[in-house]
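Enquirer: Note that the protein sequences, when read in sequence, are chains V and P. The opening position of the first sequence corresponds to residue 1 in my numbering, with each subsequent residue numbered one higher. The opening position of the second sequence corresponds to residue 311 in my numbering, with each subsequent residue numbered one higher.
Just so you know, the hints here were simulated from the structure itself, not pulled from any lab data. All C-beta atoms in this analysis are idealised placements derived from N, C-alpha and C, irrespective of residue type, glycine included. Take these hints with a grain of salt, some might be off.
Label-pair distances were calculated between CB atoms; the ranges are [unchecked claim]:
{"hint": "1", "chain 1": "P", "residue 1": "ALA312", "chain 2": "V", "residue 2": "ARG112", "range": "54 to 62 Å"}
{"hint": "2", "chain 1": "P", "residue 1": "ALA617", "chain 2": "V", "residue 2": "GLY267", "range": "51 to 59 Å"}
{"hint": "3", "chain 1": "V", "residue 1": "PRO71", "chain 2": "P", "residue 2": "GLY466", "range": "31 to 39 Å"}
{"hint": "4", "chain 1": "P", "residue 1": "GLY540", "chain 2": "V", "residue 2": "GLU202", "range": "50 to 58 Å"}
{"hint": "5", "chain 1": "V", "residue 1": "HIS75", "chain 2": "P", "residue 2": "TRP442", "range": "40 to 48 Å"}
Some chain V residues near chain P, calculated using beta-carbon distances under 10 Å [unchecked claim]:
{"hint": "6", "residue": "THR215"}
{"hint": "7", "residue": "LEU259"}
{"hint": "8", "residue": "SER265"}
{"hint": "9", "residue": "SER269"}
{"hint": "10", "residue": "ASP275"}
{"hint": "11", "residue": "MET293"}
{"hint": "12", "residue": "ASN296"}
{"hint": "13", "residue": "LYS304"}
{"hint": "14", "residue": "THR305"}
There are 2 protein chains.
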Amino acid sequence: MAEFVTVCEVGPRDGLQIAKAIMPTDIKQRWIAALAATGLSQIEVGSFVPPRLIPQMADTDAIVRQAVTLPRVGHGLEIVALAPNLRGAMAAYEAGAQRISIPISVSEGHSRSNTNRSTDDQIAEVGRMIAWLRAQPRHVFVDAACSTAFGCSFDGVIPVANVVRVAVDLAQAGADCVILADTVGYGNPIDIKAKVRAVRAEIGPVLNGLHLHDTCGLGIANALAGLEEGIRKFDSALAGLGGCPFAPGASGNIVTEDLVFLLESSGFSTGIDLDKLIAARAVLHEGLPSEPMYGNLARAGVPKTFAKAA
Amino acid sequence: MAEFVTVCEVGPRDGLQIAKAIMPTDIKQRWIAALAATGLSQIEVGSFVPPRLIPQMADTDAIVRQAVTLPRVGHGLEIVALAPNLRGAMAAYEAGAQRISIPISVSEGHSRSNTNRSTDDQIAEVGRMIAWLRAQPRHVFVDAACSTAFGCSFDGVIPVANVVRVAVDLAQAGADCVILADTVGYGNPIDIKAKVRAVRAEIGPVLNGLHLHDTCGLGIANALAGLEEGIRKFDSALAGLGGCPFAPGASGNIVTEDLVFLLESSGFSTGIDLDKLIAARAVLHEGLPSEPMYGNLARAGVPKTFAKAA
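The following block holds chain V by itself, in its conformation from the complex:
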């Protein structure tokens, strides 16, 4: 029996928020339904941020409410929503989100630019969010992400000790899962391995996720590095949708299709049907016809030697 690896599809959140056009809600719903039908076990469908900041996320409440009614395939499906603060966490809970992801910038420069708060203020807010969520009748999983863990377009190199400190604080705040995020895509395999090991030494298996971008072409290699260090949950976006507002021309999240191919051909199980995943690109393209779609596997097709993990 192959070991299971969770793939969290973040295209409808991280992918869309950089897109120039706004995907119509009905197509977004069909796209999320197509993603769910592939067997994905987590889909981050939106972000509870003020619509004036990210208009692409204005329909997140409706999107979450509809997504949680989708039929579950294979290992089941958790609907994830991003919440940047307590107000967002309350809205996500009310809409029925099953997981809430919270990004906290390890770099002060990114934290202040993104949220107008220091890293410590953000960590304190996470504490309030988790306290509120734990007082509600329904359990919601909390994924806390250490953003810019592998480099920052403002602050440059991010020391290991800073990442460890934020990760420990988030674990102590009660996060179910701590994620290390290569927000701008500057990471490399050596840095990935070093930081995963250092954080694991402090918080153990609470660290279980990597959020990677393919800015410099190392995204899938960085996933392999994480996999070799025992990481069993990865964020990715169909067709590598997205980008980075601070790196013009940068590619987006790592490509879900290529990631699943890496995992399945490395002997892990993802529960995902690769052919259905590739087919879901058509719905994405329908909703955002001018957005470039990345990914080598989809161009070439699944090779005849591919053996899906059992």
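Since chain V is already given, all that's left is putting chain P on it; use the hints.
Expert: This is chain P only, laid out in the frame that chain V set:
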């Protein structure tokens, strides 16, 4: 002092032979000069095959003769030419090539389709080529590549034992360096590691090269897998030029810019100036304006956190 890794730029050979247009000889010469100026230590500049089979390689004799006169930067520069048979090896030697690369298909289907010969006939020809070369006054290095080592579009999965058998035969024939080639780009990190280990167990450090394609998006991850197994020489092509005649839409060789970024940011030295490498794309584009150029690093630019290996 960082450990050195050899990057062999194969764009002018493997990249061009699939291109629809033919790059004019004078632009090809300027492109190779621009590549040499980046500090690359090996450039495969052409192939001594009949021009009626691959018209893009018709000027290989002139290209080799000019390339060997280029100034050496950093670690020095070896000019490589591909030779499929004894006639080609003689021509490569006469033109002044410093290394000769010889591809031998592990899969019978690919061997017969590509050369109309069996794998054993090809191995026997390699023996004749090396015997002739060793009888000449000037020493020429021989790189023998086990093509389709990680899968074949005709024969499908290629067993480890078959790869080992061909690699051992090539080492016994006197090859200086044996290379495992993922000719169609079906490889994955597990398969790369397993076959590198198995071949190394038989021929030791004579196995020192990987030739990888990025057909399924795993190219750079496969390079990382090889690096972790001790491989210290990789083929790649600027802008990921190339493709595979048997996989429509497939990407080409792994992207040199992204590979160098992987190696340098992993603490290895390549002798290559990344900015000059990215600048060399302009000459390639001038010579083949309709050919797509791949590579994430060139789109995003070298990140400010990048520290070149000493």
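Enquirer: Would you mind marking each hint as holding or not holding in the structure?
Expert: Verification of the supplied hints:
1. Our hint of 54 to 62 Å for ALA312/P and ARG112/V is violated, since their Cβ atoms are close to 36 Å apart.
2. Separated by about 34 Å at the C-beta atoms, ALA617/P and GLY267/V break the suggested range of 51 to 59 Å.
3. Range check, PRO71/V to GLY466/P: Cβ separation about 35 Å, and the 31 to 39 Å hint holds.
4. In this structure the supplied range 50 to 58 Å is violated for GLY540/P paired with GLU202/V, their Cβ-Cβ distance being about 31 Å.
5. In this structure the supplied range 40 to 48 Å is violated for HIS75/V paired with TRP442/P, their Cβ-Cβ distance being about 60 Å.
6. Contact between THR215/V and chain P, as hinted, is supported at the beta carbon level, the nearest pair being about 5 Å apart and thus within 10 Å.
7. Interface hint status for LEU259/V: upheld, as the beta-carbon distance to the closest one in chain P is roughly 8 Å, under 10 Å.
8. A least Cβ separation of about 4 Å between SER265/V and chain P falls short of the 10 Å threshold, and the interface hint therefore holds.
9. Given hint, SER269/V at the interface with chain P, is violated; its Cβ is 14 Å from that chain's nearest Cβ, farther than 10 Å.
10. At a threshold of 10 Å, the smallest CB-CB gap from ASP275/V to chain P is about 14 Å, leaving the interface hint violated.
11. Interface restraint check: MET293/V against chain P, minimum CB-CB distance 13 Å, threshold 10 Å, status violated.
12. A cut of 10 Å between beta carbons decides the hint on ASN296/V: the least distance to chain P is about 4 Å, and the hint holds.
13. Because the beta carbon of LYS304/V sits about 6 Å from the nearest beta carbon in chain P, less than 10 Å, this interface hint is met.
14. Nearest Cβ of chain P to the Cβ of THR305/V: about 4 Å, under the 10 Å cut. The hint holds.
Violated hints, listed in ascending order, are 1, 2, 4, 5, 9, 10 and 11; each of the other numbered hints is respected by the structure.
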